[in-house]
Structure formats: structure tokens, C-alpha cells
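Student: Each protein sequence line maps, in turn, to chains U and R.
Under the working numbering, read the first sequence as residues 1 to 248, first letter to last.
Under the working numbering, read the second sequence as residues 1 to 517, first letter to last.
Hints were generated in silico from the structure; no laboratory data involved.
Just so it is clear, CB atoms sit at the ideal spot from N, CA and C, and this is done for glycine as well.
There could be a bad hint or two in this list.
[Said to hold, decoys possible] Chain U regions said to be covered by chain R (calculated; three or more residues, Cβ under 8 Å):
| # | stretch |
| --- | --- |
| 1 | 133-147 |
| 2 | 178-187 |
| 3 | 193-200 |
Given next are the chains, with one letter for each unit.
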Amino acid sequence: MNGIATVRRSADSRAAGAAKPEVQKSLITLLMFAGLLTSLRGADDPYAAWGHGRPQDAIASLHHQALASDRWDAWLDLGLAALAAGREGDGIAWILAAHQRAPERPEPRQALRALNLTPPSGWLDHLGPLAVPGLGWGGLLLITLAGLLLGYGVCAPRRRPGMVLIGAGLLLVTLPGRIAWEHDQGRLLVAAVRDSQLYDSAGRPIAAITVGTLLEQESAAVWAERILVHDAQGHRGHLPLADTVAKP
Amino acid sequence: MVSRGSCVTALILSVLALSQLAAVEAKLQLPDPLVTGVVLRGSISVENSAARIERIDLPAVAGLEWNTGRGSNYEVRLANGVRTTRESMPLVLRVQQVAELTIPAVTVVFDDGSTATTNAVTVKTQVADTSLSGEANASASFEPATIVPGEPAMLIYRLALRQDRVRAIKQPSLTPPAGLLVTGERSEAKTETVDAEGREWSVQTWSWPVTAAAPGTYDARGQQEWYRCRNDFFNQLVIESTHQAPIRPATLTVTPLPDAGRPNDFDGLIGPLAASASIDRSRISTGEGAVFTVTLTGPQVGLGHRPTLMLPAGVQAYPKDDAEDKSGERHFRWDVVPGNTGELTLPALTFPYFDPATRTYHRASTAPLTITVVAGRSRDLVVSGDTRPTRPLTPPPVEEKFVLPPPMRGAAVSAPPLVGTWIVLSAALIGGGLFALVQRLATRPRRGPHRGKALAAAINAKDLDAMARALFALRPDLDAAGRQTADALEHAIDQARFGARDAGDLAALAAPLVGIA
Numbered sequence: 001m002n003g004i005a006t007v008r009r010s011a012d013s014r015a016a017g018a019a020k021p022e023v024q025k026s027l028i029t030l031l032m033f034a035g036l037l038t039s040l041r042g043a044d045d046p047y048a049a050w051g052h053g054r055p056q057d058a059i060a061s062l063h064h065q066a067l068a069s070d071r072w073d074a075w076l077d078l079g080l081a082a083l084a085a086g087r088e089g090d091g092i093a094w095i096l097a098a099h100q101r102a103p104e105r106p107e108p109r110q111a112l113r114a115l116n117l118t119p120p121s122g123w124l125d126h127l128g129p130l131a132v133p134g135l136g137w138g139g140l141l142l143i144t145l146a147g148l149l150l151g152y153g154v155c156a157p158r159r160r161p162g163m164v165l166i167g168a169g170l171l172l173v174t175l176p177g178r179i180a181w182e183h184d185q186g187r188l189l190v191a192a193v194r195d196s197q198l199y200d201s202a203g204r205p206i207a208a209i210t211v212g213t214l215l216e217q218e219s220a221a222v223w224a225e226r227i228l229v230h231d232a233q234g235h236r237g238h239l240p241l242a243d244t245v246a247k248p
Numbered sequence: 001m002v003s004r005g006s007c008v009t010a011l012i013l014s015v016l017a018l019s020q021l022a023a024v025e026a027k028l029q030l031p032d033p034l035v036t037g038v039v040l041r042g043s044i045s046v047e048n049s050a051a052r053i054e055r056i057d058l059p060a061v062a063g064l065e066w067n068t069g070r071g072s073n074y075e076v077r078l079a080n081g082v083r084t085t086r087e088s089m090p091l092v093l094r095v096q097q098v099a100e101l102t103i104p105a106v107t108v109v110f111d112d113g114s115t116a117t118t119n120a121v122t123v124k125t126q127v128a129d130t131s132l133s134g135e136a137n138a139s140a141s142f143e144p145a146t147i148v149p150g151e152p153a154m155l156i157y158r159l160a161l162r163q164d165r166v167r168a169i170k171q172p173s174l175t176p177p178a179g180l181l182v183t184g185e186r187s188e189a190k191t192e193t194v195d196a197e198g199r200e201w202s203v204q205t206w207s208w209p210v211t212a213a214a215p216g217t218y219d220a221r222g223q224q225e226w227y228r229c230r231n232d233f234f235n236q237l238v239i240e241s242t243h244q245a246p247i248r249p250a251t252l253t254v255t256p257l258p259d260a261g262r263p264n265d266f267d268g269l270i271g272p273l274a275a276s277a278s279i280d281r282s283r284i285s286t287g288e289g290a291v292f293t294v295t296l297t298g299p300q301v302g303l304g305h306r307p308t309l310m311l312p313a314g315v316q317a318y319p320k321d322d323a324e325d326k327s328g329e330r331h332f333r334w335d336v337v338p339g340n341t342g343e344l345t346l347p348a349l350t351f352p353y354f355d356p357a358t359r360t361y362h363r364a365s366t367a368p369l370t371i372t373v374v375a376g377r378s379r380d381l382v383v384s385g386d387t388r389p390t391r392p393l394t395p396p397p398v399e400e401k402f403v404l405p406p407p408m409r410g411a412a413v414s415a416p417p418l419v420g421t422w423i424v425l426s427a428a429l430i431g432g433g434l435f436a437l438v439q440r441l442a443t444r445p446r447r448g449p450h451r452g453k454a455l456a457a458a459i460n461a462k463d464l465d466a467m468a469r470a471l472f473a474l475r476p477d478l479d480a481a482g483r484q485t486a487d488a489l490e491h492a493i494d495q496a497r498f499g500a501r502d503a504g505d506l507a508a509l510a511a512p513l514v515g516i517a
């Protein structure tokens, strides 16, 4: 018995000895793969060029990132990089895109205010702190909870007025902010990325529009490559669409 | 004696003959433009002539050599049942000098002896465009080539393509150089010309009204892509080859405004400029307001700024909207509110401007205006009690300073997806309701087995104990007749159970009870 066990142990040790190089190879491969991933991540870091003082070179990759994720913070970073590269018109347009995606966030608004620009007031501005319960994931959760309570309270075997009351109260608290958020997100705000002009429908110039001017689009329709907008001074006319499109 | 019918026939025939004669019309067609020193081709054509052209008598014109060419062209057209004939004779001509030529009427003699004449025309001749060579020629120019900041100029892009075959472009390659401000719509024109060898060229011209905000030089240059084309079976242009033509560059020089003679209050207005002032009411009461309007008229009034009103003491002026109501006209408005009665004189305002035509500074002035202010019905405000403030006034708000935020680098919390609030709410309502329904179904009291059927089954199985239990279960829901039946059945069952007698036909006895659930 002891002899057999000894023989087995020696066989195991031989097998382990044969397996050692395999393990080493696997570990080396794993390490190389991890190193490759790290270097790839480093190469793909869209902020790398900006961090080395070349914001102009970072704009293309930041633009790609913003398009791919469509997150407001990606658009804000793109706008900040464009401003750092001296491209004021494009920067303002992209910061405005961030503001439109997250009208409740203070950062894009703060960036615009730092450029002496004030975006048109939205419903969130008018609601102020009343809008807070309906914003973000918390707001969506509260609305869902309110819906569940209302649905259960009405359909339960025995009516539960307490649940209905709580559900209705939650809706009353959350819905204004949520509706205002959806409304402000749906607004069509544009910024002039270069010096341009407003034209009337006959093509005659109405007013000069300087680069970075914020305008509110009145309709999504495009006519003769122009959009109908108005500015804060009340000028209303058609602006060439190309003068509102920022390109990396 | 001539009959009445003959007269009518003769009249109709003569009218027809006259109309035929009137329809004969000779036209002299000359190339446009008439270029000097080049052999050009023209023609004289006659429409609806009953006879053929025999010869053309060309009058002598000073500065023009011309003669009829060989052969003639005779066309017959039928359109909507109307037959039209057209015969044309070629002309070969050469203009000797640049001048205005008056070509008198040309007589066309037909083979039947009749004649027709063309109208006398006056044409201008011009020198051939010697810059045209090769197949395409592109050039840019600024008019004027030197301006001051704010002065309008025109960028003109001219592209000429030779017309001996089909050549075309997709779009003009030249655009106003960076730094220039485009102040209006691009205009486009198309003409034809002839080069020094008499070949025809089509010329397209695009013009942009531009100006510059800062001194410097601005170059317009580039390459124009053009194509040799052919018409396919469906008469659509098909590109055969692509070519590039260099655009002859142009430079716009924007010089600084001259210092000599510049008024101290000059603020960038470029002339020509006219200024006027008006007031909506010339007689008002104290405390009331009148709208004072200053109007600037000129091509560059957008460069102007609202002037400062120097008003007598006791008069308040509140600026109103400042709008460029229509192109080339700008209005500055104030609500002027005088505090005292009497004659109020609104002083003249002057606007210094630079006149590009004379390269000097001038002033446009408004005329002074007078308002008669009469005593109004306003009352002074009477304040009783201690008018000193009981607590210190609130300090003026400090203007908030904003700075650019740092980049987020993906650290922001993600926002919820833009799913409609109503969809979420509806789903939650339905979910809550479904939960309640499931709960209702789960907690519903369960029904027991069918008692009548259980009794019938026990009778069929001849199980006396089961019969007794089933009958006991039935009893609470029985009426008087049922109870009587149940008593009889129970008696029969008990007899069978304990008396060892035959229970008889229990099924018939239990028949009224088996239907009770």
C-alpha cells in the first residue's frame, strides 16, 4: 500500500514538473495580454493629448467618444478641449450640446456663464428646487413607486386609500420636475460656430450673428439649408445650418 | 359689271396676300459680343417667305468687313398644324476697331423679285479676351482691392469654359478667405465671350459682398475642378475626365483707418451716412414721455453704437430697443421724460464716419428738436414719519464670477434614459394593478368538493360511512323539504349500518339531494 502510494506520488510529481512550463507560459501570455490591454487603453485615452498640452489633437478622439456615448459629460469635455484649443465657436456649440443633454446639471451652464453666455431659461429654471425630486434616477424611481402604489391601491381586493394617497402625493412631487426636464431636453438650442447672418425668407440679411451667439430654433424643419431661429434680442430669421454645425 | 361674289373673293385674296407679305420678316443675327480682329459668323434669316432668297445687298459699314457665306439653310416646320418656313443665309464678318457700329437696314432680294429688309441696329464691339486660353480659365478679384475695416467690397470669381465641347463643373471651388466677413448672399451670373481666336467661351461669375474687421491682407486662391463631359442617350451629362484649373489669385488689402483728421469720438462708422431725428409728440405734460428716435441711414449702419444724449437738467431719457429695422437703416429710441414745464430742446447729435470715397472723415448730424412741456396733473409724493431708514441698506449684490469647470473625464453619474415619463408611469400602474389581481386570485377562498356528487358517489360505492358523512355535510344548506328527505335517507342508512337491514334503493331516496353543490 505504501509502495503504491509512493509510486503515485512520484507520478504526480512528474506530471507537476511537466505542467510547470505550461503554467509559466500561460502566466506570461496573461501578463502580455494585460500589458497589451493597458497600452491599448493608454493609446485610446482621448484625454492623453490634452494632458500633454495639445488639446487640438484630442478633439477628434473626444468627438468620437461623445458621439459614441452621447453622454453630457463627454460633450462638455469636448467643448472644453475646443475652448482650450482656441476654437470658441465649436467649444460653445459642444458645451451647449452638453447643456441640452443634462439641463439640470450646473457644469455646462457654469461653463457657458464663464463665457458670458446665458442659455435661455427653461422650465427647470422656473421650478427651481421644486424640480429636484423628479430629476435623475431617484426621480424615475419615485415615479415608478408612485405608479405601483396607485395601481395596487386601486386594484387591491380591499381598496387602500392610504396607498392611493401616498402614490398621488409622490406623483405630485416628482412629475413637475420630470416633465420640466423632458421639456428642457427637447428644446432646440443652437450656437453659431462662425460669424453669420440671419436672413429673411427672401434671402435678405436681417441681422449679424457673431460667433458663439446662442439661438433658439423654432422648428426642426430645414428650409434651403437654413433653420428658423431667434436670438435673445428678438431677432428672428433663417440661419444657415452649416454655421451651427461644429466639426472636429 | 362685276358681281358681288367676285368682289368678295378679290377682297379675301388681297387680304391673304397682304397677310402673306406681312408675315415675311428678315432678321439679322450677329454674334454677341462682336470681337475685333476675329472672323465671326452671323446670318440673315427670313421666315414664311413664298419665294427663295436670291441675293442679299449688304450695305457698306465703316469699320466692318462683311460678306455673305456660301449656301443657305432652308427649314420647314409643322407645329400644331401650322407650317412655318425659315431660310437663312450665312454671313462672314470681321470688325476692325472698337467702336459703336450702326448697321443700316439690309435688303434681301427674293427670286420672285420681291424684297424684305432687316431693322437697323446699333452694336458695340469689344476687344477679344486675350486671357482666355486652353480649356478653362478661373480668376478671382476684389472690387475694390483696397478697403478700410468695415468698408464693403466684392469678391468676384470668374470661371470661363471653352464651348467647343461639353465642359462643366459641379460647384465653384473658391470661397471667401478666412477672416473676411460675408455680408450678404452670393450672386451668380452667366454670360458668353469670345477669345482672341474667335472661339466661344461660357463665363460664370459668382460674387460675394464681403468686408473685413481688421487690417491686413486676405488672399483668395485655390484650384477649380472641372470635367470634360458628354451627353448620354438620355441627354444626361456623363463625366469623361476630371481636370484642375488654377485660380488666378486676388488679394484684398485692408488698410488701417487714417489717423489724420480722425475725430476723437469716431467709433468705426463707415459712410456714406445720413442721420435724422424725430419725436412722436411735440407737446406733452410733465411726467409724460415722448419717444425720441434717431435714424441712421447707410450701407454700414450696423457698425454704429448708441450715442449719448446730453439733455438739460431735470430731463430723464430711457433707452428703448435698438434695432436695424430694415437693411441700411438703424433706429435708436429713447423715452424722454421732462420734469419741468417750458420749451425743451433736444440737442443735435453728430455721428463721425469715414467716407471711403474721399478717404476722409465726415460728420452726419441731426437737427435739434423742440418739445413744449405743459404742466401735468402729477402730484408730488408725500412721505410722513421718519424717512430715515431704520436699518442699514442691503449692500449691492456681488456679481458672481464664473470659471470654466474642469473636464469630467467620465466621472459624472449617468443620466436615466430618455424613456417617456408616461411610459414608466403607465408600466408601474399596470404592474401595481397586476400585483393586486394576482394577490386577489391567490387569497380567494377555495370551494370544497361537490357534496351532492360525493353523496351519489358514496351510494354508488355502497359505502355507508361515506354516505353518512356526505349527508352530514349537506345538512346546513337544506331547506325543510330537503331536511325531510335527509332524515329519511339518514334513517335508511342507519338501519343499514346498525340494524343490518337492507337499505333499499338509497339512490332513489337521495335523488333530490345529489344536485346540491
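Student: Between the stretch 193-200 of chain U and chain R, see if three or more residues pass the 8 Å beta-carbon test, and mark the coverage as holds or violated.
Tutor: holds (count 3)
Student: Examine the stretch 178-187 of chain U: at least three residues should have C-beta closer than 8 Å to a C-beta of chain R.
Tutor: holds (count 4)
Student: Can you confirm whether chain R covers the stretch 133-147 of chain U, using C-beta to C-beta distances below 8 Å and requiring at least three such residues?
Tutor: holds (count 9)
Hint check: no violations occur; every hint is consistent with the structure.
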